[in-house]
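Engineer: Take a look at the letters that make up each chain.
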Amino acid sequence: MKEETSNNSRRKFLKSFGISVGAAGVVSSFSLIGAAKAAAKKPAEMVNLLTQDGQLVQVDKNQLRPTVTEPLDELQKRGREGIPGKSFVMVIDLSKCRNARKCMAACQNHHQLRADQHHINVLQMQDAEHTAPYFMPKPCQHCDNPPCTKVCPVDATFKRQDGIVLIDNERCIGCRFCIAACPYSARIFQWTEPKDSEKYKDLTYNIEANVPQKKGTVSKCLFSADRLREDKLPSCVSSCPNGVYYFGDRNEDAVTNGTTGETVRFSKLIEENAGYTLMEELGTKPRVYYLPPKNRAFEFNGDLLNEENLH
Amino acid sequence: MKNTIKNIAALFLIFIFSGSLANAQGWSVPSSAKKKQNPYEATAKNISSGKKIYNLNCKSCHGDPTMANMLPLAPVAPTDLGSQNFLVQSSDGEIYYKVNKGQGAMPTFEKTLSDEDKWMVITFLRSFDKNKKERQQVAEIKNPEVTDVKLELKVNEAEKNMSAKLSGVTKTGKRVGLQGIEMSFLVKRSFGFLDVSGEDPYTNEKGDVQIQFPKDLPGDREGQVNMLVKVTDDAFYGKLEEARVVTLGVPTDPVNPLDERAMWGTRANAPIWIIVTFVGGVVGIWSVIFLVLFQMIKLPKLASKQD
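If you read the protein sequences in the order shown, they are chains C and P. Here the first sequence stands for residues -14 to 296, numbered as in our numbering. Here the second sequence stands for residues 200 to 506, numbered as in our numbering.
Among the clues, some could well be false.
To be verified - Subject to a maximum C-alpha distance of 20 Å in a straight line, what follows is the list of computed EDC-like cross-link-like pairs (lysine to aspartate or glutamate): (1) P/Lys414 to C/Glu257; (2) P/Lys387 to C/Asp216; (3) C/Lys270 to P/Asp458; (4) P/Lys310 to C/Asp216.
Hints listed in this document are in silico derivations from the structure and should not be mistaken for laboratory results.
Only chain P is shown next, with the shape it has when bound in the complex (with noise of 0.2 Å):
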């Protein structure tokens, strides 16, 4: 009789935990929205743009794909987006919808991603998807296998560019250039690296990526700056950087607001005015004061001589 109770109570709390999941992940996604395709293919690019905007976007909640490292927030956690699991379950169209519509903590992405860098990033979780890995394949760009992989740099400061070359030795011992292998520019700021890649930061079949450096991106007082150029994804080569000061910025002089004599300075820095006027008042106020004591000590003296 006990363990029947047992039972039945052990039942009822599953029931009422599976009910409540249901319900915190009880993401309605009409049937037409399931069916939408991605218009995007899985290449190589598509798929590293999505990763980009995947670790700006989507990393803070939902962590790295596949390693399970999400925000652990209650009463759900955000789902691994790389598990085979979800995979599985979700039509393209269906995580499409989820991002567009979000729901709970999940905000809303229908205004501020666009319809492409949504497909991106779901073409970069398909990319975990371990039944359509074959598919994947076909349609990246094929580079020999390559030892010694190099980086060079070469900066043309007159016309605020820079180009990079990426090279490998092949097995028969030639140097060759690597084909459509994304680069980073990343300019050293205060608290993080600013992307000055632009469009196509794609190395082409000769392995060589030129960028135009910003024309108004202030430098130090020398219009020096800190760039470090690197692969975007460590996954090909390992991880190759280079960091170098160049000479792109916009001359500027930091201006110190405390040069100047203000109001809202302390005393060391007030207008010259306030101190003369400040200074002027206590010593005119101070000096009247004196002169009719003066005059009143003198009284008595007066009176005594007019008798």
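So here's chain C without its partners, still in its complex pose (with noise of 0.2 Å):
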């Protein structure tokens, strides 16, 4: 007896699934036809378009399908892995720097980050009570020993071969571990819904630029992985007016300055400046390498009376 109303429940449930699914095919069927129908049907609304070799030319609006964009899968994968062979590196040149502040204006606008949120911050400092301030750049280290990748419980941020680290919007849950985690605060978290998130909402997730930037989870400095994917130098770095940025591949010993464009050797810029890395005691090996603030371009011109400019 029991076995037999046990029969029946499945039976009636696999009957009441059928008729729901295809129920479902047909609405969905009908819909998709109806949509081919209004579009062949609907009188041609002509638009007028530029080609590229500069011709005027008019083209029916339903012929229009948006650009093709990488896809995610696509995006995530290379993303993940990196450009093999390459190992890329940063040095500061701290005796250039005037608080120009643009590159943290063109790392914003890369990164749709609003005014408020830094990938790179121009901090002023003072070391000391008698020691001279000056104005340091600091953008994420990249770490070859980073402290982040290790609390991440979800693998969501990681570091690929070239030496970048990266965050996977996508992965991740907005725990803040990393936040925690990292002895340079380089990372931020968007609290808020991020900036134009209406306008790039159907933009495709590029986690080499961790744009569209997601609400609930951590972004920071990507060394604009993006953009070196295209041989071109990190959005901070050429938009630096002062030459304070070299960027360049340490298997190649050579960086290149993205003020002038002047190309030197990686090792020899280090040895000749006396080139150090900061909090190198925490053993976390940064790939920013910064140049003393000696034989200054400019006098500092900061506000240090102003305690909460202080860093």
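Combine both chains into one complex, guided by the hints.
Structural biologist: Spelled out as structure tokens, the structure:
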């Protein structure tokens, strides 16, 4: 008796399931046909378009398709792998920085950040009471022994073969362990709806630029990994007006200045100018090198009296 | 009456405007500094090295001399340093002083550029001065007028040096070497060209120039690098360059940091001992829990047996 009822209920369930799936199929196919018919029937509305060779042509509006963007899977895959054979490094010459903040603006523009969110920030530094103050741009250090990737519980943040530390906002659960682990405070959290989220909501997520930004996830400097793929310098590097940044490949032992375009030997630059890394005592092995603010190109014009500016 | 008020207002505005301009450009150069003379001659060599230094340090704001394509900075845009106005108004010493001291957005180059470099830049700028053009021509090395200029490269891989020969055909149909022309030996890197020309990359009287390739510059796995050799200044014989792959670099195997297991790696790259400890821990704890549960299930049976 018992068995019968259970059989009955299973049969019933299968029946109703079949009917509903079938119905859904029919409805959806109807709607598809309907859409296709509508597309075909609608009186052709023509749009004027400029072709690549400069000709003005008219195209039926129904024929228009959005430009083909790389599918998410492909972007995620190549973003995780990185660029083989490269080992990117940045050198920041503190003697040339005068707080122009063009790097910050270019970065915020590239990564769709608000003015108060920083992937790179120019800090006013004074190491001790009687030492000379200076400006210090501070991006993510892309450590070779990154503390942030160790603590991520979902493999969302990771290091690639070219040395760049990235974060996958599709995986990030917003636990912010990485923010706590990073000794350089390089990471930010999207507490609210990101800037222009309405405008970019249809954009395919690009792991190499963290755009569009996602609410409730962590975001950070990426060395403009999407630009590196096209052999372009990172946004901050190429927008600096004062020649502060050098960027290049450590495997090639060469770094290029973003302002002057001059390419120099990385090892020589570090050796001749006593280059150093931030907080090397932590063993994080940063990939961002600093040249001390010696023989400055500009006088320090910061506001040290205002304690809020001090770091 | 209205007109006079307007006129006065206009005059006043002009006065303010000119005042602010004068303030912004208010370089006060001491007269002793103005009298300083350029110790270097206006030879083609000095001008071309001045051009190099100019392009690296000045061009990003001032643009190309005489082209007026400077950066549009507010309140005062950088001066076109090749304009006749500027060159007539400022003496060599004055430019030298301004380069050294800097003002506002103009950085000081007192320590970032050597004295020689600064004078080279001034020599280069002075080459745009129409009043002094004749004097320069005398100092230049003269090559005969030639056609069909050729650039030939020779690479000695054993001794890691390269030589280039620049030659042209004279009117009499003879091929001669071109002297005193600066050549650039550039190595392609990810974001630009590394200059390995060395100190003196000028052709000799036979049109030859030889450079020593750096002994420690990394190449690819086979030690190959992409070289570009060219005449530095296009103004002489037009664009003349040759690209070549040479095996002069140090063979370098790029290290993939993901090849080894590390604490910072993702799940796939985690160290074995972490995986073993973690899995062991999970298995151990659950087995203890299950063991206790089974024992508890056994309890009533034991009790009934004893009865």
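Engineer: All the hints need checking, so say for each whether the structure fits it.
Structural biologist: Outcome of the hint check:
With a C-alpha separation of about 18 Å, the suggested pair P/Lys414 and C/Glu257 falls inside the 20 Å cut-off, and the hint holds. Our distance criterion of 20 Å between C-alpha atoms is met by P/Lys387 and C/Asp216, whose separation comes to about 12 Å. Restraint check for C/Lys270 and P/Asp458: the C-alpha separation of about 18 Å stays at or below 20 Å, so the hint holds. Under the criterion of a C-alpha separation no larger than 20 Å, the hint pairing P/Lys310 with C/Asp216 is inconsistent with the structure, at around 33 Å.
In summary, the structure is inconsistent with hint 4 from the numbered list given earlier, while agreeing with all the others.
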